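The whole structure should be built from the sequences, with the hints applied where relevant.
Chains as they are written, first to last, in the numbering used here: chain A, 1 to 155; chain B, 1 to 732.
For the record, the hints were derived by calculation from the structure and aren't laboratory data.
Here the structure is a predicted model, which is why all the values come from computation and not from measurement.
It is possible that some hints are incorrect.
Unchecked claim - Once the Cα atoms are required to be at most 35 Å apart in a straight line, the calculated DSBU-like pairs of lysine-lysine come out as:
{"hint": "1", "chain 1": "B", "residue 1": "K209", "chain 2": "B", "residue 2": "K617"}
{"hint": "2", "chain 1": "A", "residue 1": "K143", "chain 2": "B", "residue 2": "K213"}
{"hint": "3", "chain 1": "A", "residue 1": "K143", "chain 2": "B", "residue 2": "K618"}
{"hint": "4", "chain 1": "A", "residue 1": "K88", "chain 2": "B", "residue 2": "K157"}
{"hint": "5", "chain 1": "B", "residue 1": "K204", "chain 2": "A", "residue 2": "K88"}
{"hint": "6", "chain 1": "B", "residue 1": "K584", "chain 2": "A", "residue 2": "K146"}
{"hint": "7", "chain 1": "A", "residue 1": "K88", "chain 2": "B", "residue 2": "K251"}
{"hint": "8", "chain 1": "A", "residue 1": "K11", "chain 2": "B", "residue 2": "K228"}
{"hint": "9", "chain 1": "A", "residue 1": "K146", "chain 2": "B", "residue 2": "K204"}
{"hint": "10", "chain 1": "B", "residue 1": "K618", "chain 2": "A", "residue 2": "K88"}
{"hint": "11", "chain 1": "B", "residue 1": "K572", "chain 2": "A", "residue 2": "K143"}
{"hint": "12", "chain 1": "B", "residue 1": "K653", "chain 2": "A", "residue 2": "K143"}
{"hint": "13", "chain 1": "B", "residue 1": "K295", "chain 2": "A", "residue 2": "K11"}
{"hint": "14", "chain 1": "A", "residue 1": "K143", "chain 2": "B", "residue 2": "K615"}
{"hint": "15", "chain 1": "B", "residue 1": "K295", "chain 2": "B", "residue 2": "K243"}
{"hint": "16", "chain 1": "B", "residue 1": "K223", "chain 2": "A", "residue 2": "K11"}
{"hint": "17", "chain 1": "A", "residue 1": "K88", "chain 2": "B", "residue 2": "K243"}
{"hint": "18", "chain 1": "A", "residue 1": "K143", "chain 2": "B", "residue 2": "K577"}
{"hint": "19", "chain 1": "A", "residue 1": "K146", "chain 2": "B", "residue 2": "K572"}
{"hint": "20", "chain 1": "B", "residue 1": "K575", "chain 2": "A", "residue 2": "K143"}
{"hint": "21", "chain 1": "B", "residue 1": "K204", "chain 2": "A", "residue 2": "K11"}
{"hint": "22", "chain 1": "A", "residue 1": "K143", "chain 2": "B", "residue 2": "K295"}
{"hint": "23", "chain 1": "B", "residue 1": "K210", "chain 2": "A", "residue 2": "K143"}
{"hint": "24", "chain 1": "A", "residue 1": "K143", "chain 2": "B", "residue 2": "K209"}
{"hint": "25", "chain 1": "A", "residue 1": "K11", "chain 2": "B", "residue 2": "K213"}
{"hint": "26", "chain 1": "A", "residue 1": "K88", "chain 2": "B", "residue 2": "K209"}
{"hint": "27", "chain 1": "B", "residue 1": "K228", "chain 2": "A", "residue 2": "K143"}
{"hint": "28", "chain 1": "B", "residue 1": "K713", "chain 2": "A", "residue 2": "K146"}
{"hint": "29", "chain 1": "B", "residue 1": "K213", "chain 2": "A", "residue 2": "K146"}
Stated by the list, open to error - Covered by chain B, per the in silico footprint, the following chain A stretches (three or more residues, Cβ under 8 Å):
{"hint": "30", "segment": "15-23"}
{"hint": "31", "segment": "69-80"}
{"hint": "32", "segment": "101-109"}
The beta-carbon is built from N, C-alpha and C at its ideal position, and this holds for glycine as well.
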Amino acid sequence: MASFNLNINGKSQQVEVDPSTPILWVLRDHLDLVGTKYGCGIAQCGSCTIHVNGMAVRSCQLPVSAVGNQEITTIEGLSENVDHPVQKAWLEHDVYQCGYCQAGQIMSATALLNSNPNPSDEEIEGSMNGNICRCGTYTRIKKAIKTAASNMENA
Amino acid sequence: MTRIKTSYNRRSFMKISAAASGGMLIGFSWLNGCVPATPDKKTGLAVPKEWFDINGYIKIGDTGVVTIYSPNPEIGQNVKTSMPMIVAEELDIPWENVIVEQAPLNTGFYQNQFAGGSLSIRLSWNALRMAGATGRRMLMEAAAKEWGLAVSDVDAKDGMIHENNGERSVSYGEIASKAVGIEIPEEVELKEIKDFRLIGTSKKNVDGKKILKGEPLFGLDFKREGMKIAMIQHPPAFGMTVKDFNVDEIKNMPGVTDAFIVDTTLPEPGMFDEKGFLQLIAIVGESTWPLMQAKKAIKANWETVDALEDSETHTKRLEKALESGKASEIRKDGNPDAAFKKAAKVIERTYSAPFIAHNTMEPMNFFAHVTENSAELIGPTQTPEAMEKSVSKLLDMPIENITVNMTRIGGGFGRRLYVNFGVEAAAISKRIGAPVKLIYTREDDMSQGTYRPTYRSRYKAGLDENNNLIAFSVKGAGLPESPVFPKRFPAGAVENYVAERIHGKTNVTTGAWRAPRSNFTAGAEQSFLDEVAELAGKDPIDFRLELFERAMNNPVGEEHDYEAERYAGVLKMVKEKSNWGEEKPGVYRGVAAYFCHSSYVAEVFDMIMVNGQPKIKKVWCAVDCGIVVNRDAAKNMVEGGVIDGIGHSMYSKLTFANGAASEMNFDRYQLIRHSQVPEEIEVFFVENEIAPTGLGEPGLPPAIGALANAMYKATGQRYYHQPFATERQVIG
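Structure (structure tokens):
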């Protein structure tokens, strides 16, 4: 066990855990931030996607000991009032079915738009291919990403 | 208006009203720490100080906010929005004023609280309408009484009650307190279908914002003070059981508080109970990660108690079953043998599909707190009532002492009809004497499944010299169940018809997987009919329409279980919407139609070739599922069904070696991903006034046929064996 100071959603958090603990389980079990989901544990499904310094990262593969003072953003920290353009686009297209994978989808989509504000279909597919949606909401996700891109451009 | 007797439900309403006075339903909200749901700020309605329970489905706040309880499990089929919409329509309340809460399991009051067979809306349509209409009537009676009028002198609309011949009006919120105690009416008036103003529109998912905020909604998110976490390890193969394991070593690992073997054998197990792994190693601790480490450190003595099957054995077994297995002839019209003999052309084709896993994104999990006299279970289940029964058997405890409540569910697809994970959580909680949440890893989830059975079917058709279909036979084998539906199309449309079933054996545990049997049979049958149409030199839609004409005008045999007119209807609709028949250079088209869960769906796929690879450009869907409740969400369901059908027939398979699943996570088990889906899916609904039929499943089956038929046009190769991606030849 060791103590770690983490910067999560703009707040400083302290946890006492085994250094090998993936940040996914630190968030879920120790900080009650359960928006980040467990899906596969081997970085194949994308349900656990968070941002580390603005980049999309699979939190099931990131040990807490490797985080240091990097800025972590989870779905809970994306906006105060569900008003991030990506969240608004998801609402507009009523994307979700079961909803379980969507936090990961949104975090991947947000990271994509941060680095590429106007992605092509192929670029969207390339960035999003690591996020599985078992319900099959893929076509809506793509539409929502395009809506978000267009709203961000006009903002 | 339609007057209907409420007698069926009236007794139930009274029962729940009695229960509600004890506070059982009011303020029920377990996941958010009993914080009552609040109205959307946009409505301008204040948080009510007082709530009045009207009839167990409806609770009205003094400010006019209305809580509607959604009775069925929400697995992503969006019933948590559409079921309350039906209540709100008949109650006649602005949707903006409605808050939805998940109802608790209350067998005897709510009916059919399960998510399966695409039945939620279909079975509850009348009950939900009556619940709303009864509430509206009681509010009207209360207002009429206040004003000294007869109830026929008042009317209710949009959450307000008005005097017919006067100025007085009162809101539902203001009169709600007076409606409590009003006798439940013996008859209520339901709206005419044409007067619906909410049903048929598009309303956003009521949990949408919570999903987008990452709020705790799912079973895996559930937490209770003092709750332990548990994980299980099942034997590595079907046919094996656990003898013992390094229990002391595991117990001494950091973060592990207990470890033991748990037995979940039930007296008289039911259809939703575990049949494979009944003795499991359980590890308990305070948090998840240390348990995952402990699982890896397990050294167990597994005992082989049954055959260790592999995929090669399964294939051989199915082939042998089709060649020489004992078939039960389940339908025969005319004289198929004679007809095949005199046919000018005969075609015979064999189709197959592997075992597949459900792979809900949320792995199996459940919370259980078992004490000496009670058991409380909370989590994601499609069949809370079945779980309650199984836990009752496990604990030898009366059902009345057991509660099962439902979280939002991260995918069902049939997996959560089975209740083993709840039973296992209860067994672990009993053993440790503490509340516990059992969590499966993805590997546990994929390798302890209730898989879609593996199937193999042979189809044969005979055409006369004028290319009329005069003989048709289907013989289908499955491990462990045959996929053949004896009374479905083309039964009733062919003079000489035979359907035979062969059930094979396996110790791999199987069960319902989204659109059971249809998820294979539709693809096989619709690919075969495409080939028969080609042999007959006919357009595939015209060929099918000819058969439906026969079934409509001069049906063969005693009965068939589809309405030929509605079946033909969706084909005609998809033909028109997709401009079928129009030549589009570089676009390869396939069509299929299927009937299941009382609904009809026809689909056209447009495929193009990109760098030598087929890509689906567009999918058109025509759907007849009766009245559509929540239009855009209904489209979402069909879109998901199409993608699910493409994904599983194209990419997915679960294979076995020495009794063990070879694919245990998404590195080896392929699911469809973003780059593999159609660019566009357009969904059209047939408009009619038929009570709603299934929608969660019917979109999937025809997608497999339409996909295979479009791929044939694009590649020149027919596709018989799923997953098609491994069957596909390199095109160049």
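Check: Does K617(B) lie within 35 Å of K209(B) when you go C-alpha to C-alpha?
Finding: This hinted pair holds, its Cα atoms lying about 32 Å apart.
Notebook entry, point to check: When you check the alpha-carbon spacing of K143(A) and K577(B), does it fall within 35 Å?
Noted result: Holds, at roughly 22 Å.
Margin query: K146(A) and K572(B) were given as a pair; does the straight-line alpha-carbon distance stay at or below 35 Å?
Written below: The given pair, whose Cα atoms are some 33 Å apart, holds under the 35 Å limit.
Next item on the list: Take a quick look at whether K618(B) and K88(A) sit within 35 Å of each other, Cα to Cα.
Entry: Answer holds: K618(B) to K88(A) is near 26 Å, not above 35 Å.
Check: Between K146(A) and K204(B), is the straight-line Cα distance small enough, at 35 Å or below?
Finding: holds (19 Å)
Next item on the list: Could you grab the alpha-carbon distance between K228(B) and K143(A) and see if it respects the 35 Å cut-off?
Entry: With a Cα-Cα distance of about 41 Å, the restraint between K228(B) and K143(A) is violated, given a limit of 35 Å.
Notebook entry, point to check: Between K143(A) and K615(B), does the CA-CA distance stay at or below 35 Å?
Noted result: holds (18 Å)
Check: Regarding the pair K204(B) and K11(A), is the alpha-carbon distance no greater than 35 Å?
Finding: holds (32 Å)
Notebook entry, point to check: Are the Cα atoms of K653(B) and K143(A) separated by 35 Å or less?
Noted result: holds (29 Å)
Notebook entry, point to check: Between K210(B) and K143(A), is the straight-line Cα distance small enough, at 35 Å or below?
Noted result: Distance ~21 Å between K210(B) and K143(A) Cα, so the pair holds.
Checklist line | Agreement of K143(A) and K213(B) with the hint, judged by alpha carbon distance not exceeding 35 Å | finding: holds (20 Å)
Notebook entry, point to check: K11(A) and K213(B): Cα distance at most 35 Å?
Noted result: holds (17 Å)
The structure fails hints 7, 17, 22 and 27 (numbered hints given earlier, in ascending order).
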